[in-house]
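Enquirer: Work out the full structure: start from the sequences and follow the hints.
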Amino acid sequence: MEKVNTRHSISRILLLLLVVLFSFSQNLIAQEEAASAEQEQSAEGGDQEAAVAATGGDAAAGKELFNSLCASCHKRYKRSTGPALNGVTDRRETDWLYRWIKNSQAMIAEGDPEAVAIYEEFNQTAMTPFPQLSNEDIDNILAYVEQPKPEPQAQAQIPGDGGKSSGSGVSNDIILGVLAFVLLLLIVVLVLVNKTLNRFATASGVELPVTEKRKPIWKAFVENQFLVLVTSVFLLLAGGYFAYGYLMQVGVDQGYQPVQPIHYSHRIHAGDNEIDCKYCHSSARVSKTSGIPSLNVCMNCHKSISEVADASNPNSSVTEEYSKEFYDGEIQKLYEATGWDPATQSYTGETKPVKWVRIHNLPDFAYFNHSQHVSVAGVACQECHGPVEEMEVMYQYSPLTMGWCINCHRETNVKMEGNEYYEKIHDELSKKYGVETLTAAQMGALECGKCHY
Amino acid sequence: MKRLFNIGLLLVSASLAVGCFNKDDRNYQYFPNMYESVGYEAYGSYETFENSQEAKLPVEGTIPRGWKPYGYEDSNDGYQNAKANLSNPLPYTEDNVNEGKALYTIYCAICHGDKGDGKGTLSQREKILGIPAYNDAGRAITEGSVYHVMYYGLNTMGSYAAQISEKERWQINHYVMDLKRQLNGDPKREFVSEEEAELNTLVENTDATEEMSAEEHREDNHAAETHEEETTEGEQENTEVN
Numbered sequence: 001m002e003k004v005n006t007r008h009s010i011s012r013i014l015l016l017l018l019v020v021l022f023s024f025s026q027n028l029i030a031q032e033e034a035a036s037a038e039q040e041q042s043a044e045g046g047d048q049e050a051a052v053a054a055t056g057g058d059a060a061a062g063k064e065l066f067n068s069l070c071a072s073c074h075k076r077y078k079r080s081t082g083p084a085l086n087g088v089t090d091r092r093e094t095d096w097l098y099r100w101i102k103n104s105q106a107m108i109a110e111g112d113p114e115a116v117a118i119y120e121e122f123n124q125t126a127m128t129p130f131p132q133l134s135n136e137d138i139d140n141i142l143a144y145v146e147q148p149k150p151e152p153q154a155q156a157q158i159p160g161d162g163g164k165s166s167g168s169g170v171s172n173d174i175i176l177g178v179l180a181f182v183l184l185l186l187i188v189v190l191v192l193v194n195k196t197l198n199r200f201a202t203a204s205g206v207e208l209p210v211t212e213k214r215k216p217i218w219k220a221f222v223e224n225q226f227l228v229l230v231t232s233v234f235l236l237l238a239g240g241y242f243a244y245g246y247l248m249q250v251g252v253d254q255g256y257q258p259v260q261p262i263h264y265s266h267r268i269h270a271g272d273n274e275i276d277c278k279y280c281h282s283s284a285r286v287s288k289t290s291g292i293p294s295l296n297v298c299m300n301c302h303k304s305i306s307e308v309a310d311a312s313n314p315n316s317s318v319t320e321e322y323s324k325e326f327y328d329g330e331i332q333k334l335y336e337a338t339g340w341d342p343a344t345q346s347y348t349g350e351t352k353p354v355k356w357v358r359i360h361n362l363p364d365f366a367y368f369n370h371s372q373h374v375s376v377a378g379v380a381c382q383e384c385h386g387p388v389e390e391m392e393v394m395y396q397y398s399p400l401t402m403g404w405c406i407n408c409h410r411e412t413n414v415k416m417e418g419n420e421y422y423e424k425i426h427d428e429l430s431k432k433y434g435v436e437t438l439t440a441a442q443m444g445a446l447e448c449g450k451c452h453y
Numbered sequence: 001m002k003r004l005f006n007i008g009l010l011l012v013s014a015s016l017a018v019g020c021f022n023k024d025d026r027n028y029q030y031f032p033n034m035y036e037s038v039g040y041e042a043y044g045s046y047e048t049f050e051n052s053q054e055a056k057l058p059v060e061g062t063i064p065r066g067w068k069p070y071g072y073e074d075s076n077d078g079y080q081n082a083k084a085n086l087s088n089p090l091p092y093t094e095d096n097v098n099e100g101k102a103l104y105t106i107y108c109a110i111c112h113g114d115k116g117d118g119k120g121t122l123s124q125r126e127k128i129l130g131i132p133a134y135n136d137a138g139r140a141i142t143e144g145s146v147y148h149v150m151y152y153g154l155n156t157m158g159s160y161a162a163q164i165s166e167k168e169r170w171q172i173n174h175y176v177m178d179l180k181r182q183l184n185g186d187p188k189r190e191f192v193s194e195e196e197a198e199l200n201t202l203v204e205n206t207d208a209t210e211e212m213s214a215e216e217h218r219e220d221n222h223a224a225e226t227h228e229e230e231t232t233e234g235e236q237e238n239t240e241v242n
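Just so you know, the sequences run in chain order F and B. Counting from 1, one number per residue, gives the positions in the first sequence under UniProt numbering. Counting from 1, one number per residue, gives the positions in the second sequence under UniProt numbering.
A few of these clues could be false.
Distance condition first, Cα-Cα at most 25 Å in a straight line; then the derived DSS-like pairs of lysine-lysine [unchecked claim]:
1. B:Lys119 - F:Lys352
2. B:Lys68 - F:Lys333
3. F:Lys102 - B:Lys83
4. F:Lys195 - F:Lys75
5. F:Lys102 - F:Lys63
6. B:Lys23 - B:Lys101
7. F:Lys355 - B:Lys56
8. B:Lys180 - B:Lys101
9. F:Lys333 - F:Lys355
10. F:Lys75 - B:Lys119
11. B:Lys115 - F:Lys63
12. B:Lys180 - B:Lys115
13. B:Lys119 - F:Lys78
14. F:Lys432 - F:Lys450
15. F:Lys102 - B:Lys119
16. B:Lys56 - F:Lys102
17. F:Lys149 - F:Lys324
18. F:Lys63 - B:Lys119
19. B:Lys119 - B:Lys188
20. B:Lys101 - F:Lys415
21. B:Lys188 - F:Lys288
22. B:Lys101 - B:Lys68
23. B:Lys180 - B:Lys167
24. F:Lys288 - B:Lys115
25. F:Lys324 - F:Lys355
26. F:Lys324 - F:Lys75
27. F:Lys333 - F:Lys78
28. B:Lys56 - B:Lys83
29. B:Lys167 - F:Lys355
30. F:Lys288 - B:Lys68
31. B:Lys188 - B:Lys83
32. B:Lys68 - B:Lys83
33. F:Lys288 - B:Lys119
None of these hints come from the bench; they were simulated from the model.
Expert: Now the structure itself:
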């Protein structure tokens, strides 16, 4: 064996660079995952609100009562279904408040001018009577209500967090860029050094070892027919493999993750808050399509939830990547689309459609029925749609190819329990196949006409 | 130098291959005729329509099959009226209550809690506050008031008429009243057996007012019959093939 020519090192460095490039693209993803895991942990914090006892009542006890009885319609510092309650003791007599809270309807019927005025101001919305509250309870509630609005201490923290998050995203890119630049510089330096050394050598008359001409390797290769045969077979096989792989993924949208007009986080709704999939996609139970919820479904909750909890709240879903300001802005987009005016708590009537981008789409020649799978078969949504409750941005989890459908039909047993429709056919088929449980395929779920007609 | 060029080419093409995968766009499609159909896709966007929105409300005055008018208006009077006069038309069978429980868990429990005490996940996480328990004395809910609120919504609670059908609302209604009983510690209500329930509906069907539900019933029967026919035919084919 001869010594390998040193001048080939440049190409080897380039190869190394290629390897580095690929390995870094992997690292980057891993880093992001680790960072997001950290964020979730650090999101825990304490409720900083201190119970300050105000005029003649226990604010802590009042908070409990307020949250369980009043908070559905009243907020302390913001108009909701009813008026904002902070400062109510300045506006009204305490005795009047006692009577009003215990039975407001009776006061309106009596014709109390103040009572009638507030009733009219809030579109004749009747306040639920609370006969179970004692005067002491009401004092406690009022004490809680009259606590001054806490200054947002976390305010200074949040923009910092936001900056840090975007900073870490950029810094990754910068580090990569710098590394690439340094490597490039090294290559240039090597080439230059090589050149100058050669020039010095010729100038100072040093004899460079001249390698004798060998037979070029490609000539040797061509002459060896066996090698040529093996290589061409290998190349053909490899080419076929990759060509097949390429053709089979045409039209498959697995991983498709478009940017939606409103950043709706399934992670927050289905994951953190454990809202059932079928709450919003209610037609999946009873119809062919799962349905995109109309905006009134969003407003079921977002009438009362106009902003997300900030990072100091233990129930907060805010991450470093997506700040509270970002999510609040997205809720505002919902209000714009539905024409909801949070200030007056009413609809303006000016609506505009939200142009969601469809992700899962079967071509027209394939029939798929959601209710058949969700209600009859009892298949969990996650079987096909993946861990939706962890997805910040929705993407297509499954390939939705025919092979994928068939595979599941071969492996999944039909849910027979409590389904009279299947009783007779199950008895006969299980006898025919000699099995206890039938797969969907044995019930005929592989017949062409079941999905293509 | 040629070798250098080749490797450079490899490098460029490799980085292109890595960089060109774009998850914001759909993949290429081969003969997309049936992917992009001539007919309008559900929720599609087409210029023909107002706001280019394919999803539209039904024409005004359209009545879905089997729909029955709800005779109470969306106001305080309507609420009080429904609270006093409306009652659940579905028989109190075990099936109906179980069905109601399953639906309750999807649509109601997230706020009102599995036990109906107003401590659902959203309430515990302090997202939506002030959710009353079903045995709240001031509200004193009845079958009628529960249905009325499900139909129209009340204050911060929205209407659920779009998400659950009439029958499903009454099934949930049974379960909600059951939860109220449990919270109050009242004795359980006896289930009506299926046969009794059928008898009752037969008697009710003679009333002119219940004609609609009778028709529905007949339709159901008819549907069941055709199903049976289909299965027997299918079995015949099967045996012939074998």
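Enquirer: Run every hint past the structure and note whether it holds.
Expert: Outcome of the hint check:
no., hint, in the structure
1, B:Lys119 - F:Lys352, "violated (35 Å)"
2, B:Lys68 - F:Lys333, "violated (36 Å)"
3, F:Lys102 - B:Lys83, "holds (20 Å)"
4, F:Lys195 - F:Lys75, "violated (78 Å)"
5, F:Lys102 - F:Lys63, "holds (18 Å)"
6, B:Lys23 - B:Lys101, "violated (41 Å)"
7, F:Lys355 - B:Lys56, "holds (14 Å)"
8, B:Lys180 - B:Lys101, "holds (13 Å)"
9, F:Lys333 - F:Lys355, "holds (12 Å)"
10, F:Lys75 - B:Lys119, "holds (19 Å)"
11, B:Lys115 - F:Lys63, "holds (23 Å)"
12, B:Lys180 - B:Lys115, "holds (9 Å)"
13, B:Lys119 - F:Lys78, "holds (23 Å)"
14, F:Lys432 - F:Lys450, "holds (21 Å)"
15, F:Lys102 - B:Lys119, "holds (23 Å)"
16, B:Lys56 - F:Lys102, "violated (45 Å)"
17, F:Lys149 - F:Lys324, "holds (19 Å)"
18, F:Lys63 - B:Lys119, "holds (16 Å)"
19, B:Lys119 - B:Lys188, "holds (22 Å)"
20, B:Lys101 - F:Lys415, "holds (20 Å)"
21, B:Lys188 - F:Lys288, "violated (38 Å)"
22, B:Lys101 - B:Lys68, "holds (24 Å)"
23, B:Lys180 - B:Lys167, "holds (20 Å)"
24, F:Lys288 - B:Lys115, "violated (32 Å)"
25, F:Lys324 - F:Lys355, "holds (24 Å)"
26, F:Lys324 - F:Lys75, "holds (20 Å)"
27, F:Lys333 - F:Lys78, "holds (20 Å)"
28, B:Lys56 - B:Lys83, "violated (34 Å)"
29, B:Lys167 - F:Lys355, "violated (32 Å)"
30, F:Lys288 - B:Lys68, "holds (24 Å)"
31, B:Lys188 - B:Lys83, "holds (22 Å)"
32, B:Lys68 - B:Lys83, "holds (19 Å)"
33, F:Lys288 - B:Lys119, "violated (34 Å)"
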